[in-house]
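For the record, the sequence lines run as chains B and V.
Quick note: the first sequence uses the numbering used here, first residue 1, plus one each step.
Quick note: the second sequence uses the numbering used here, first residue 1, plus one each step.
None of these hints come from the bench; they were simulated from the model.
Among these hints, one or two may not hold up.
Which copy is meant is left open, so a pair is good if it fits within one copy or across any two.
[Stated by the list, open to error] Derived BS3-like pairs: lysine-lysine, alpha-carbon spacing no greater than 25 Å straight-line: (1) Lys53 / Lys177; (2) Lys46 / Lys133; (3) Lys165 / Lys181; (4) Lys53 / Lys16; (5) Lys167 / Lys181; (6) Lys167 / Lys69.
There are 2 protein chains.
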Amino acid sequence: MELTDNEYSALGLYAKVFADLTPEREALIAAEGKRLEPYLVEITDKFYGTLQKIPNALPYIEGRVEHLKKTHVNWLQRVVTGRYDVSYVAQMYTVGCVHVQVDLPAEFMAGGTTLIANELYRLVPQVYGNDAKTCVAMIQALNASLGFSLIIMQASYQASITEVKDKFLAITGMSQKLFEKLAAAYDGKH
Amino acid sequence: MELTDNEYSALGLYAKVFADLTPEREALIAAEGKRLEPYLVEITDKFYGTLQKIPNALPYIEGRVEHLKKTHVNWLQRVVTGRYDVSYVAQMYTVGCVHVQVDLPAEFMAGGTTLIANELYRLVPQVYGNDAKTCVAMIQALNASLGFSLIIMQASYQASITEVKDKFLAITGMSQKLFEKLAAAYDGKH
Chain B
1 MELTDNEYSA LGLYAKVFAD LTPEREALIA AEGKRLEPYL VEITDKFYGT
51 LQKIPNALPY IEGRVEHLKK THVNWLQRVV TGRYDVSYVA QMYTVGCVHV
101 QVDLPAEFMA GGTTLIANEL YRLVPQVYGN DAKTCVAMIQ ALNASLGFSL
151 IIMQASYQAS ITEVKDKFLA ITGMSQKLFE KLAAAYDGKH
Chain V
1 MELTDNEYSA LGLYAKVFAD LTPEREALIA AEGKRLEPYL VEITDKFYGT
51 LQKIPNALPY IEGRVEHLKK THVNWLQRVV TGRYDVSYVA QMYTVGCVHV
101 QVDLPAEFMA GGTTLIANEL YRLVPQVYGN DAKTCVAMIQ ALNASLGFSL
151 IIMQASYQAS ITEVKDKFLA ITGMSQKLFE KLAAAYDGKH
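With the sequences and hints as input, model every part of the structure.
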């Protein structure tokens, strides 16, 4: 599933508002984020270490961890260095589609983002010093960058799910209304 | 859609691992989180102010903002004071189901969490002082608490979507395999 450049651009603007990814935060990431780059391999190793402790996650990573780690480091590099342009929106949208194709449960993306955020936040005082306000500004920018990425992945997830539903209706020739009636009748019997 | 207490308990454990909500972080929230309580109304007002600037969000909140704000403050109170027990898991699961029933796009929950996180993080130095390590520990605990809640809401979202798909198959008498074949043929023609 692909969108046009105009659609990616609109999705990017929508996700920026929803993630509070302001121009000031984008500028802060662009100026200071690269200082986190030396830690991205370590963060990724720890992330996949945690995933390997979650039984539900195993089928999605078994035998592919080394490959996935490389993709993951590349993605994190983008998260911490900025350039949240149309090509990045398109890339995140495709990642969402791929996740639907492999039947990855929706909550995995939220869980992954939470784990990555906590690892990045842990490093912030070490990299940016012990002034709380400086650290919090950096953390807010990272939260906005990760949230922006998650929103786009999940928007694509949502679109893929709607597509499945639309296909069902198209194949069976059912209207949405008829499906709802039949579903209600089905609920009554089960 | 409801789960048994055992299922809620299992879901809670799964979400805690995925959000890195450790016993230490739970204890930190339980001990220190209540100092954020005086700000929850202000955070909620700002949150709904931002949602009102997002055209896609308007249909879900119009005419209901005052009611939603009350529910939201109550939820935030739980986020910042802890007790992430079975009753909280059940509550978050129900919130996910309600969101599916009103056709809320999946990314709204991720977007909402990102906005709330940034507001809470902003307050942390003001409430907990200017030591970066203390602030980051609090932020990590809040990130884990919010991530935990988001994972449960999205797991419920995922289950509701699977349920719709299963109902389609049950109503039409199609097998999953037949649907996939027809969907592929449909793709070929469109």
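Intra- versus inter-subunit Cα pairing at 25 Å for Lys165 with Lys181: Classified as both: same-chain Cα gap 15 Å, cross-chain 15 Å, threshold 25 Å.
Can you tell me if Lys53 and Lys177 fall within 25 Å by alpha carbon in one copy, between copies, both or neither? neither (44 Å within a copy, 32 Å between copies)
When no copy is named, should Lys46 and Lys133 be tagged within, between, both, or neither for a Cα gap of at most 25 Å? between (27 Å within a copy, 21 Å between copies)
Between the shortest in-copy and the shortest cross-copy C-alpha distance, which are at most 25 Å for Lys53 and Lys16: within, between, both, or neither? Between. Shortest inter-copy distance 12 Å satisfies the 25 Å Cα cut-off; intra-copy 33 Å does not.
Within, between, both or neither: Lys167, Lys69 at alpha-carbon 25 Å: Neither: 34 Å inside a copy, 37 Å across copies.
Quick one: Lys167 to Lys181, C-alpha cut-off 25 Å, is that within a copy, between copies, both, or neither? Cα proximity of Lys167 and Lys181: in one copy and across copies (18 Å, 12 Å).
The structure fails hints 1 and 6 (numbered hints given earlier, in ascending order).
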